[in-house]
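Line by line, the protein sequences give chains A and B.
6 is the number that our numbering gives to position 6 of the first sequence; each next residue is one higher, with no gaps.
4 is the number that our numbering gives to position 4 of the second sequence; each next residue is one higher, with no gaps.
Treat each hint with caution, since some may be false.
Said to hold, decoys possible - Once the Cα atoms are required to be at most 20 Å apart in a straight line, the calculated SDA-like pairs of lysine to any residue come out as: (1) Lys22(B) <-> Ala46(B); (2) Lys131(A) <-> Ile28(B); (3) Lys42(A) <-> Leu9(A); (4) Lys42(A) <-> Leu53(A); (5) Lys131(A) <-> Ala21(B); (6) Lys42(A) <-> Asp31(A); (7) Lys42(A) <-> Ala10(A); (8) Lys131(A) <-> His63(B); (9) Lys22(B) <-> Ile3(B); (10) Lys22(B) <-> Ala35(B); (11) Lys42(A) <-> Ala27(A); (12) Lys131(A) <-> Trp56(A); (13) Lys42(A) <-> Arg69(B); (14) Lys22(B) <-> Arg39(B); (15) Lys22(B) <-> Pro32(B); (16) Lys131(A) <-> Asp17(B); (17) Lys42(A) <-> Thr6(A); (18) Lys42(A) <-> Asp7(A); (19) Lys131(A) <-> Asp13(B); (20) Lys42(A) <-> Leu16(B); (21) Lys131(A) <-> Pro5(B); (22) Lys131(A) <-> Gly14(B); (23) Lys131(A) <-> Gly142(A); (24) Lys131(A) <-> Leu64(B); (25) Lys42(A) <-> Asp66(B); (26) Lys131(A) <-> Glu6(B); (27) Lys42(A) <-> Phe4(A); (28) Lys131(A) <-> Leu16(B); (29) Lys131(A) <-> Pro32(B); (30) Lys42(A) <-> Leu64(B); (31) Lys22(B) <-> Leu34(B); (32) Lys42(A) <-> Leu12(A); (33) Lys42(A) <-> Trp56(A); (34) Lys131(A) <-> Arg52(A); (35) Lys131(A) <-> Asp4(B); (36) Lys42(A) <-> Ala65(B); (37) Lys131(A) <-> Leu53(A); (38) Lys131(A) <-> Leu19(B); (39) Lys131(A) <-> Ala12(B); (40) Lys131(A) <-> Met7(B).
Please keep in mind that the hints were generated in silico from the structure rather than gathered at the bench.
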Amino acid sequence: MRGFETDLLALLPRLRRFALSLSRDAADADDLCQASLERALKARAQWRPGTRLDSWMYRIMRNIWIDEGRARTRRAKVLAPEEAGEQAGYAGDAAIEAQVAMGDVARAMASLPDEQREAVALVLVEGLAYKEAAEVLDVPMGTLTSRLVRGRQALMRELGEAA
Amino acid sequence: MTIDPEMLMAYADGELDDLAAKRVERAIEADPALAEQVRQHRLLTARVAASYARVAAAPVPGHLADMLRSNVVPLPTRERRRHWATGLAMAASLAIGLVVGRGLLPASDSGFDPRISGELAQALDTQLASVQPAGAAARVGLSFRARDGRYCRSYEQAEAAGIACREDDGWTQRHWIAVPRQDTQYRQAGANGIAAAAQAMMAGEPLDAAGERAAREAGWRAE
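This is chain A alone, in the form it adopts within the complex (with noise of 0.2 Å):
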């Protein structure tokens, strides 16, 4: 049982990684990953050995940010993109750091409507497969590629030739 909690450990950076996509903020994020911890260890039980880890994490830490992040995403709503932009300096840790070290991208992934930022997070940031990004999302396969393909094609207008 010891191994269900190593092999976490081990996820913990990528599970930020993905918290940060979902939720743009650098505290929220980490808030959500708390959360997303405090249930997969209550959960334990109904993980499967044998099937992929990273994406039940994933799962979970998706449905908590829809089941409580309503608030907070009303409240970043309320914010210009440029100011949400600049929020995400505000404690200045590592991972903040390196959030405002990625810049237009992060601007540009902010951008984003949700649906579509989900699906860009999972496929080219966590870099799974459209069957395993669909799946996190309870979405069919055809409802992944087109929220990826709207996705992208907004990414690439606004990071421009360079991207």
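Following the hints, put chain B in place on chain A, whose structure we already have.
Below, chain B without anything else, positioned relative to chain A:
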């Protein structure tokens, strides 16, 4: 034939089967604009992935890592205590999610001193489960004889719980769990873990009040 944007993207991502990929390749040969779009897709993937790679490379905050670091701390065991490993595993599986503060973890098994001294040792020496003074340093739970004949007692403190056994030179930790004070759910899991570990160590039944008193009179000596 026309290649729709989804299909071109899937080709760029290596998501198409051989047959479909061949069709896209033929279309690309006939239309340089399609080739450029594939290139753009791959550039975008590389750029986005590289940006977010920095997040994954950043140090993980200690409070998140601590949620996953060992819950039940296995204490150093001697060869003859091997059969307790089952109890440890049970305790580990039951005491799900117990958080051990980094400062409390032994630096390494070999560097950890399992001998108990001070208030806890005194409580283990003198306190009876049936008579627990208010404000005592520890609350004693079960007292029992382990399979090697030694007396062992489970105990609970404000922030920790464990099982100690009486060696010739004093009380020695056999199991130890950090128990966050406020979290009743974790406390219960910790209590369950310790109870399971005790069950696995025990020869026969736990001591009753009279047995506990007699053991105390004998100074908890194995004899």
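Structure-based check of all given hints:
| no. | hint | in the structure |
| --- | --- | --- |
| 1 | Lys22(B) <-> Ala46(B) | 24 Å, violated |
| 2 | Lys131(A) <-> Ile28(B) | 25 Å, violated |
| 3 | Lys42(A) <-> Leu9(A) | 16 Å, holds |
| 4 | Lys42(A) <-> Leu53(A) | 15 Å, holds |
| 5 | Lys131(A) <-> Ala21(B) | 17 Å, holds |
| 6 | Lys42(A) <-> Asp31(A) | 17 Å, holds |
| 7 | Lys42(A) <-> Ala10(A) | 18 Å, holds |
| 8 | Lys131(A) <-> His63(B) | 33 Å, violated |
| 9 | Lys22(B) <-> Ile3(B) | 12 Å, holds |
| 10 | Lys22(B) <-> Ala35(B) | 14 Å, holds |
| 11 | Lys42(A) <-> Ala27(A) | 23 Å, violated |
| 12 | Lys131(A) <-> Trp56(A) | 14 Å, holds |
| 13 | Lys42(A) <-> Arg69(B) | 15 Å, holds |
| 14 | Lys22(B) <-> Arg39(B) | 17 Å, holds |
| 15 | Lys22(B) <-> Pro32(B) | 16 Å, holds |
| 16 | Lys131(A) <-> Asp17(B) | 13 Å, holds |
| 17 | Lys42(A) <-> Thr6(A) | 16 Å, holds |
| 18 | Lys42(A) <-> Asp7(A) | 15 Å, holds |
| 19 | Lys131(A) <-> Asp13(B) | 12 Å, holds |
| 20 | Lys42(A) <-> Leu16(B) | 38 Å, violated |
| 21 | Lys131(A) <-> Pro5(B) | 18 Å, holds |
| 22 | Lys131(A) <-> Gly14(B) | 13 Å, holds |
| 23 | Lys131(A) <-> Gly142(A) | 10 Å, holds |
| 24 | Lys131(A) <-> Leu64(B) | 30 Å, violated |
| 25 | Lys42(A) <-> Asp66(B) | 16 Å, holds |
| 26 | Lys131(A) <-> Glu6(B) | 14 Å, holds |
| 27 | Lys42(A) <-> Phe4(A) | 12 Å, holds |
| 28 | Lys131(A) <-> Leu16(B) | 12 Å, holds |
| 29 | Lys131(A) <-> Pro32(B) | 29 Å, violated |
| 30 | Lys42(A) <-> Leu64(B) | 15 Å, holds |
| 31 | Lys22(B) <-> Leu34(B) | 14 Å, holds |
| 32 | Lys42(A) <-> Leu12(A) | 17 Å, holds |
| 33 | Lys42(A) <-> Trp56(A) | 14 Å, holds |
| 34 | Lys131(A) <-> Arg52(A) | 13 Å, holds |
| 35 | Lys131(A) <-> Asp4(B) | 19 Å, holds |
| 36 | Lys42(A) <-> Ala65(B) | 16 Å, holds |
| 37 | Lys131(A) <-> Leu53(A) | 15 Å, holds |
| 38 | Lys131(A) <-> Leu19(B) | 18 Å, holds |
| 39 | Lys131(A) <-> Ala12(B) | 16 Å, holds |
| 40 | Lys131(A) <-> Met7(B) | 14 Å, holds |
Consistency with the previously given hints fails for numbers 1, 2, 8, 11, 20, 24 and 29, ordered from lowest to highest.
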